[in-house]
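Asks: Sequence:
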Amino acid sequence: MNSGASIPQHRKLYEILRKHISEGVYAEGDLLPSENELCRLYGMTRPTVRQSLAALANDGYIRKHQGKGSIVQLPPMDIGILSVSGTTSALGNRNLKTRIIVKPVLKPWPEEFMFNLTKLERESGCIYMERLRLLDEAPIFYDISYIANINLPRITARQFENKSLFVILREHYQVEIKGGEQRIRAISPSARIRSFLMLEAGQPVLHLERRIMTNMEGLFLYSSIFCNTGKYSVFGRF
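As numbered in this note's numbering, the sequence shown has no gaps in its residue numbers, which increase by one up to the final residue, 273.
Rather than coming from a laboratory, the hints here were simulated on the basis of the structure. Here the structure is a predicted model, which means the values were calculated and not measured. Do not take every clue at face value.
[As the list claims (entries may be wrong)] Straight line, CA to CA, 20 angstroms or less: simulated DMTMM-like cross-link-like pairs of lysine to aspartate or glutamate:
| # | residue 1 | residue 2 |
| --- | --- | --- |
| 1 | K213 | E235 |
| 2 | K132 | E172 |
| 3 | K54 | E72 |
| 4 | K213 | E252 |
| 5 | K99 | E172 |
| 6 | K142 | D178 |
| 7 | K138 | E165 |
| 8 | K47 | E70 |
| 9 | K142 | E172 |
| 10 | K54 | E211 |
| 11 | K198 | E211 |
| 12 | K213 | E50 |
| 13 | K99 | E72 |
| 14 | K103 | E72 |
[Unchecked claim] The calculated label-pair distances, taken between Cβ atoms and stated as ranges, are:
| # | residue 1 | residue 2 | range |
| --- | --- | --- | --- |
| 15 | K132 | A192 | 39 to 45 angstroms |
| 16 | G78 | R220 | 48 to 54 angstroms |
| 17 | R218 | R193 | 25 to 31 angstroms |
| 18 | A62 | P239 | 36 to 42 angstroms |
| 19 | Q238 | R189 | 38 to 44 angstroms |
| 20 | K138 | N186 | 18 to 24 angstroms |
| 21 | H55 | E216 | 29 to 35 angstroms |
| 22 | P188 | K154 | 18 to 24 angstroms |
| 23 | R220 | Q108 | 29 to 35 angstroms |
No residue lacks a Cβ here, since even glycine has one placed at the ideal position from N, Cα and C.
Given these sequences and hints, build the entire structure.
Replies: This is the structure we're talking about:
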């Protein structure tokens, strides 16, 4: 159902251009190739190219300027993505890894949950997963994810080790992150969390509770994240 062969042409072009913008091939303020140039370059029709550009504009990667074309702008796609910053060398190496603690599994929602759930969410259950994120082999944050089980076939069978959840949702299910809300506070961690994050007794952690909106009707992502800020600061747009 979600194989590469079934991805529409306009979605393929969207992913190519989105990747090029995200990786800096096209910088902020640059003009994308014209519609005619994109048609010739990728062998696609004008309506297909226009559909791709419309999706990029809707998701904040470009803005259309009458008489100029498609201008690249900083996308809001890192909304809700917790990044890690610290020393220059850590930023340069970007040696961020993901270790799966609990593989994705379909289960009922907890009776007491951090955000209010819709009736559809409660009825559908959630995909539950636990991950540990490491920078240069040092544990930085422990992430418990709850994903509403809505229109995500076979997601529990996918490989998440050292892979981004948001990228998997975008590439396999055409799910885009649109924004969200979060609560942040410092807490005293449990022994389990201290063990994962290699914390000293009495050392607090930063706890984030997040509800993330997507472009898919009724589909929300929830996270409970425990951050070790002893060595690195954490940042992100939300």
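Asks: Work down the list of hints and note, for each, if the structure agrees.
Replies: Outcome of the hint check:
{"no.": "1", "hint": "K213 / E235", "result": "violated (37 angstroms)"}
{"no.": "2", "hint": "K132 / E172", "result": "holds (8 angstroms)"}
{"no.": "3", "hint": "K54 / E72", "result": "holds (18 angstroms)"}
{"no.": "4", "hint": "K213 / E252", "result": "holds (12 angstroms)"}
{"no.": "5", "hint": "K99 / E172", "result": "violated (43 angstroms)"}
{"no.": "6", "hint": "K142 / D178", "result": "holds (17 angstroms)"}
{"no.": "7", "hint": "K138 / E165", "result": "holds (7 angstroms)"}
{"no.": "8", "hint": "K47 / E70", "result": "holds (15 angstroms)"}
{"no.": "9", "hint": "K142 / E172", "result": "violated (31 angstroms)"}
{"no.": "10", "hint": "K54 / E211", "result": "holds (14 angstroms)"}
{"no.": "11", "hint": "K198 / E211", "result": "holds (16 angstroms)"}
{"no.": "12", "hint": "K213 / E50", "result": "holds (17 angstroms)"}
{"no.": "13", "hint": "K99 / E72", "result": "holds (16 angstroms)"}
{"no.": "14", "hint": "K103 / E72", "result": "holds (14 angstroms)"}
{"no.": "15", "hint": "K132 / A192: 39 to 45 angstroms", "result": "violated (22 angstroms)"}
{"no.": "16", "hint": "G78 / R220: 48 to 54 angstroms", "result": "holds (53 angstroms)"}
{"no.": "17", "hint": "R218 / R193: 25 to 31 angstroms", "result": "holds (29 angstroms)"}
{"no.": "18", "hint": "A62 / P239: 36 to 42 angstroms", "result": "holds (39 angstroms)"}
{"no.": "19", "hint": "Q238 / R189: 38 to 44 angstroms", "result": "holds (40 angstroms)"}
{"no.": "20", "hint": "K138 / N186: 18 to 24 angstroms", "result": "holds (21 angstroms)"}
{"no.": "21", "hint": "H55 / E216: 29 to 35 angstroms", "result": "holds (31 angstroms)"}
{"no.": "22", "hint": "P188 / K154: 18 to 24 angstroms", "result": "holds (22 angstroms)"}
{"no.": "23", "hint": "R220 / Q108: 29 to 35 angstroms", "result": "holds (33 angstroms)"}
Consistency with the previously given hints fails for numbers 1, 5, 9 and 15, ordered from lowest to highest.
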